[in-house]
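Asker: Quick note, the sequences are listed as chains G and L, same order. Each residue of the first sequence is one higher than the one before, starting from 30 at the first, in the working numbering. Each residue of the second sequence is one higher than the one before, starting from 107 at the first, in the working numbering.
Hints in this document: simulated from the structure, not taken from any laboratory. Backbone N, C-alpha and C define an ideal beta-carbon position, used for all residues, glycine too. Do not rely on the hints blindly, as some may be mistaken.
[To be verified] Derived contacts from chain L toward chain G, CB cut-off under 10 Å, selection only:
#1 Tyr-125
#2 Phe-168
#3 His-194
#4 His-294
#5 Met-301
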Amino acid sequence: MSEHIEELHVGGTAGTFAKVWIALLVMTGIEVLLAYEQVPTLIMLTALLGLSIIKAALIVAYFMHLKFEKLSLFLTLFPMLIFCIVLMLIFLGDATRIPHMRPGL
Amino acid sequence: MSSQSSVAPSLWEGGGSPYATNSKKFGMWLFIISDSLTFSAMLFAYTYSRVTNPDWPKPFDFSPAIIFATVMTFCLLSSSLTMVMAVHAMNHGDRKATVRWILATMVGGAAFVVLHLSEWMKLINVEGVTPFKNPWGVPLFGGTFFALTGLHMTHVICGLIYLTIVATGIARGRFKAEDVEVSGLYWHFVDLVWMFIFPLVYLMSARVG
Numbered sequence: 030m031s032e033h034i035e036e037l038h039v040g041g042t043a044g045t046f047a048k049v050w051i052a053l054l055v056m057t058g059i060e061v062l063l064a065y066e067q068v069p070t071l072i073m074l075t076a077l078l079g080l081s082i083i084k085a086a087l088i089v090a091y092f093m094h095l096k097f098e099k100l101s102l103f104l105t106l107f108p109m110l111i112f113c114i115v116l117m118l119i120f121l122g123d124a125t126r127i128p129h130m131r132p133g134l
Numbered sequence: 107m108s109s110q111s112s113v114a115p116s117l118w119e120g121g122g123s124p125y126a127t128n129s130k131k132f133g134m135w136l137f138i139i140s141d142s143l144t145f146s147a148m149l150f151a152y153t154y155s156r157v158t159n160p161d162w163p164k165p166f167d168f169s170p171a172i173i174f175a176t177v178m179t180f181c182l183l184s185s186s187l188t189m190v191m192a193v194h195a196m197n198h199g200d201r202k203a204t205v206r207w208i209l210a211t212m213v214g215g216a217a218f219v220v221l222h223l224s225e226w227m228k229l230i231n232v233e234g235v236t237p238f239k240n241p242w243g244v245p246l247f248g249g250t251f252f253a254l255t256g257l258h259m260t261h262v263i264c265g266l267i268y269l270t271i272v273a274t275g276i277a278r279g280r281f282k283a284e285d286v287e288v289s290g291l292y293w294h295f296v297d298l299v300w301m302f303i304f305p306l307v308y309l310m311s312a313r314v315g
């Protein structure tokens, strides 16, 4: 049984990891370029968050081996995490209204 | 795999581990998930403070502050690559190479901490930023910035201590491949958190020219 588990966990080669690393560096480079070009805030935020989520997914899938684990591990951990993070957005609408409610602004 | 499962005892009779993983690794995953929520909460605290204050400061000049932070990101990303190589080497039973790769990882992590601390020192001593006041107006900037980056730096320092213990153990012939893999999970998580702090805190507050 232990041999069987060990076999499951050896995933990816040095070449794959190097490719993932290069992809992460390129995406970081694009992010820094966006900051240099002073892209409008909303487009900038969307692009940065999009790239960050892709980078996080690459790290989790390849570096943290989740791509090579059983699907049940992913299903136990991640839907709950994403749901809880999305829940934290609940008051964002109120937060954006606060500046307009201040007298004199 | 399917040919083996027909021979192995049924999952429903407790014949298999539901995640096909050992308990150390599953424990680390649970810690990582709960720690992600802590960091998410802090990033949301930063975001909410920023959204409610339209005059939020943009204290990071593209040169040198953003370039400095980019170098820090490079150190952390590269240390993740060397960590994955350490896990890879240990899976192949090469203890010497594992120790070397872990040491390389620690160099990357230590470089990150040194650069980050020098950036903090510049903000505190030259610009006069503290958790309670700063020269640009909104006092919450200092509080959220130091709390968020400070918690992350604490994680990196804990990771360096953790890796020292693992590397020493491996060199002395203790620990198994799974122990290196579990320490790797922690290290990649620290890298992953920085992938959100760097764009949201630094790049969104970049000042060019």
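Asker: How about L:Phe-168: closest beta carbon in chain G under 10 Å, or not?
Answerer: holds (6 Å)
Asker: Holds or violated: is there a CB of chain G closer than 10 Å to the CB of L:His-194?
Answerer: Cβ of L:His-194 sits 6 Å from chain G, so the hint holds.
Asker: Min Cβ distance, L:His-294 to chain G: is it shorter than 10 Å?
Answerer: The hint holds - L:His-294 has a Cβ within 10 Å of chain G, the shortest such distance being about 4 Å.
Asker: Can L:Tyr-125 be said to touch chain G, with a Cβ gap under 10 Å?
Answerer: holds (4 Å)
Asker: Grab the minimum C-beta distance from L:Met-301 to chain G and call the hint holds if it beats 10 Å, violated otherwise.
Answerer: holds (5 Å)
The structure meets every hint from the earlier list without exception.
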